[in-house]
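**Student:** Chain by chain, the residues run as shown.
Number of protein chains: 2
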Amino acid sequence: MDMKEETILIIGAGLCGSLLALRMAQRGYNVQLIEKRPDLRTVDLGAGRSINLAFSDRGIKGMKLVGLEEQVKELCIPMYGRMIHDMEGNTFLSRYSGREHEYINSVSRTGLNALLLDEAEKMENITLIFNHSCIEVDLEGGIATFYDEENDREILLKGAVVIGTDGAGSVLRKSMFLHKKFLFSFSQNFLTHGYKELTFPPAKDGGYLTEKGALHIWPRGENMVIALPNLDGSFTVTLFLSYSEGEYNFDNLNTPERVIEYFEKYYPDALELMPELATEYFENPVGALGTVKCSPWSSYGKTLLMGDAAHAIVPFYGQGMNASFEDVVVFDEILDKHEGDWNKVFAAYEKERKKDTDAIADLALDNFHEMKSHTASALFQEKRKLETAFEKEFPMEYSSKYSLVTFNEHIPYAEAMKRGRAQDKAILNLLADGKIKTNQSLRDQLELVKRETEEVLHDDAVAKNLM
Amino acid sequence: MDMKEETILIIGAGLCGSLLALRMAQRGYNVQLIEKRPDLRTVDLGAGRSINLAFSDRGIKGMKLVGLEEQVKELCIPMYGRMIHDMEGNTFLSRYSGREHEYINSVSRTGLNALLLDEAEKMENITLIFNHSCIEVDLEGGIATFYDEENDREILLKGAVVIGTDGAGSVLRKSMFLHKKFLFSFSQNFLTHGYKELTFPPAKDGGYLTEKGALHIWPRGENMVIALPNLDGSFTVTLFLSYSEGEYNFDNLNTPERVIEYFEKYYPDALELMPELATEYFENPVGALGTVKCSPWSSYGKTLLMGDAAHAIVPFYGQGMNASFEDVVVFDEILDKHEGDWNKVFAAYEKERKKDTDAIADLALDNFHEMKSHTASALFQEKRKLETAFEKEFPMEYSSKYSLVTFNEHIPYAEAMKRGRAQDKAILNLLADGKIKTNQSLRDQLELVKRETEEVLHDDAVAKNLM
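Listed in order, the protein sequences are those of chains P and Y.
Going letter by letter, the first sequence gives residues 849 to 1315 in this note's numbering.
Going letter by letter, the second sequence gives residues 849 to 1315 in this note's numbering.
Hints in this document: simulated from the structure, not taken from any laboratory.
Heads up, some of the hints might be wrong.
Note: identical chains are not told apart, hence a pair may lie in one copy or across any two.
Derived BS3-like pairs (lysine-lysine); straight-line CA-CA distance at most 27 Å [said to hold, decoys possible]: (1) Lys1312 - Lys1285; (2) Lys912 - Lys1185; (3) Lys1312 - Lys1233; (4) Lys1199 - Lys1060; (5) Lys1312 - Lys1202; (6) Lys1312 - Lys1141.
Only chain P is shown next, with the shape it has when bound in the complex:
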């Protein structure tokens, strides 16, 4: 390893910060990784904060980069598709792909973070500091101020560069927003829905109360419940519900009786698996669902935002952590090209990456509607069946939007979005207009979809150039 003089200050030792620290140390930098919370390997984290996550190919690419692709497998539970639960308690599995090797994983956030911190700790050139919360960053100086909780004092730390991986509420980003010496484009957009985490406990024999190998969805139009398996046999269950609209909402689900009434009416089969529902409901907080975008991501060649700090997204595509890990991979590639000139590195990184994180943010919003509503629609289900058949029969020729986004880590998000949306539009219109016929061969149906997709892309391109 070619050791470097420069110190990289990384604010936030969550998933993105820990992976980045590890990679930068592997590249030979001195790394200071500072986290506001206690070491999550030594304390019990508060309940109700996203306990498991969907982990897929773009995330795996990040683990490969630091040589942890084998270790992470032990934390993973494969989920092969969406298990849709209707109002009557019937279920059916809608596979994520027609290709058998394409599935996503449920992974423990804490387990994954601990794995990365363990590895980081083994590196001599990483200093890990917990319980220090960043207060502000002097952008021009590259100096960050932290509050040291234990000793009740402020300390200043300076890096050759300061990288903010401090999440959706990033303090580095706030320092950029307040800086006023350059134009800072920024958006925070909240959904009208919040979320609350609940639990299916493990079965008495330590097994699973419902199918382990799927992401469960109870789509109810405006609202929904989902469940992801944990290694201990439990499921983390999340209720996505409007704050104030509709007959039942977070504002008016304010007594145990009313909560039970709501679940009895809309999620009876899930309710059966939640003996502690009423207790958990009132113990766990309601979380907000927001999208954050901003630009520039860097300032003065001294600071850079990465991960959620640069692009927080809603969780509905299961891509938040995967996108953050891919950030590190892309950043590493840019370093290969421009190492030694931070201004150039930061500019090239944002130019390469921002269009893709913008795309996954938009795709994640689309998927909210897809999960809570479209998955219950006959036309949508017909589309998924057709796509799964294409993927099974013609695995080299067709990938659905979901596959493009989730399993094709060599295709940038923006490209996956463009092609995926065109395909969706083509198939939905062909089906709605009765142009795909059951007496056609699957090959003919595929050719029809391909032609229609090209036409959608062509028409959009002509218009885009002059509209």
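For chain P, the structure is supplied; the task is to place chain Y on it using the hints.
**Tutor:** Leaving out everything else, chain Y in the frame of chain P:
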């Protein structure tokens, strides 16, 4: 007039605030209209701040509402189309509409504001206060704090409601952003281009140095110059230029020689009309071009954002002031329905209006590309020619996107955007694919465009429901 007890506090006596104050006073409210700047009727305003504006049907609707539609005509100079100037100094007029009575106006911002303030001053139930800048607003109390510059003191003013018409940098909006007790969606997005205002002086005989009845454009792909006529024979000229990209930009146009060199190369015919270019260029500031969106627009049934404070847009559709005036018209209609319940009024107003101000914000961004680049394209010009012919020959059957947005004040912006974009996409594709033929009758061409437009709308609708 049915006099009311309630006092309406309006922050900002610009165009929107003055019109709103007048209308609320006409409805019988006590109005306090507070402005941070001096009275613009008594002082000379700083140069370089948008001296004239495009004024069209939605703005006129606002003036009609308060009974000033006749008075405003004296301030207006009709502009019948875009006068496009190419690199060789050739010009051609691209009309805004094939219908002769459809044109936009150049109007003095100060003149229009003064007219509204004069009328406001005549109302006994309006109190006008200048030189008081708002510092913050207590949202729950409906109390605004102002700094009284003359007496160097702070004063508190309380209204039954507080309406912020304090522009793109709204202090009321900032108070909402910082409030933290409700989720506040917010975005500020800046273009990579800024603007600088310049001048063509009047001719020696007091006339105009170039065509008076047009909005002049020098489209140069990435950058452009435009010019709008003033009543005194001068034109206000605006240079829209990248901050830092391209061979010439605001960062590197830093000597008189270089400024002249740039204009000689790209705008030689405009340069001839600007004897003071080098002086003006360095006297006038570079302005930023930003879009602001936010939600909610109101809080606690006590405060409301209107005009640029709620939705600042870039100037390229000439709709900023028109949209703000239309705000007042829509708000007035909502008051007719729900007066007496501010919570209901504010909620109904945002529900009715926000989709439309979001739409005009997006349309205005599109038009930046249209003006600086597409107007110079052959295919785009062909489209405009065809649309103008449709409008002339079939005035009851066809309106271009520009007409829908600008001259059809009964059609909401969102609807105008949807239909207008579909038409543009249809025509551009029909032309690009050679499907509109010169040997077809204009009627046949129109029918073809109509059918293709319906197909675009249909395909989008099918997809939108399930994507």
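**Student:** Each of the hints needs a verdict: does it hold here or not?
**Tutor:** Now the hints, each set against the structure:
1. Lys1312 - Lys1285: between (32 Å within a copy, 23 Å between copies)
2. Lys912 - Lys1185: Within one copy, since 20 Å is at most 27 Å while 62 Å is not.
3. Lys1312 - Lys1233: This pair counts as between: shortest inter-copy Cα distance 19 Å, intra-copy 32 Å.
4. Lys1199 - Lys1060: neither (40 Å within a copy, 43 Å between copies)
5. Lys1312 - Lys1202: Intra 20 Å, inter 25 Å, cutoff 27 Å: intra and inter.
6. Lys1312 - Lys1141: Classified as both; 23 Å inside a copy, 24 Å across copies.
In terms of the numbered hints stated before, the structure departs from hint 4 and from no other.
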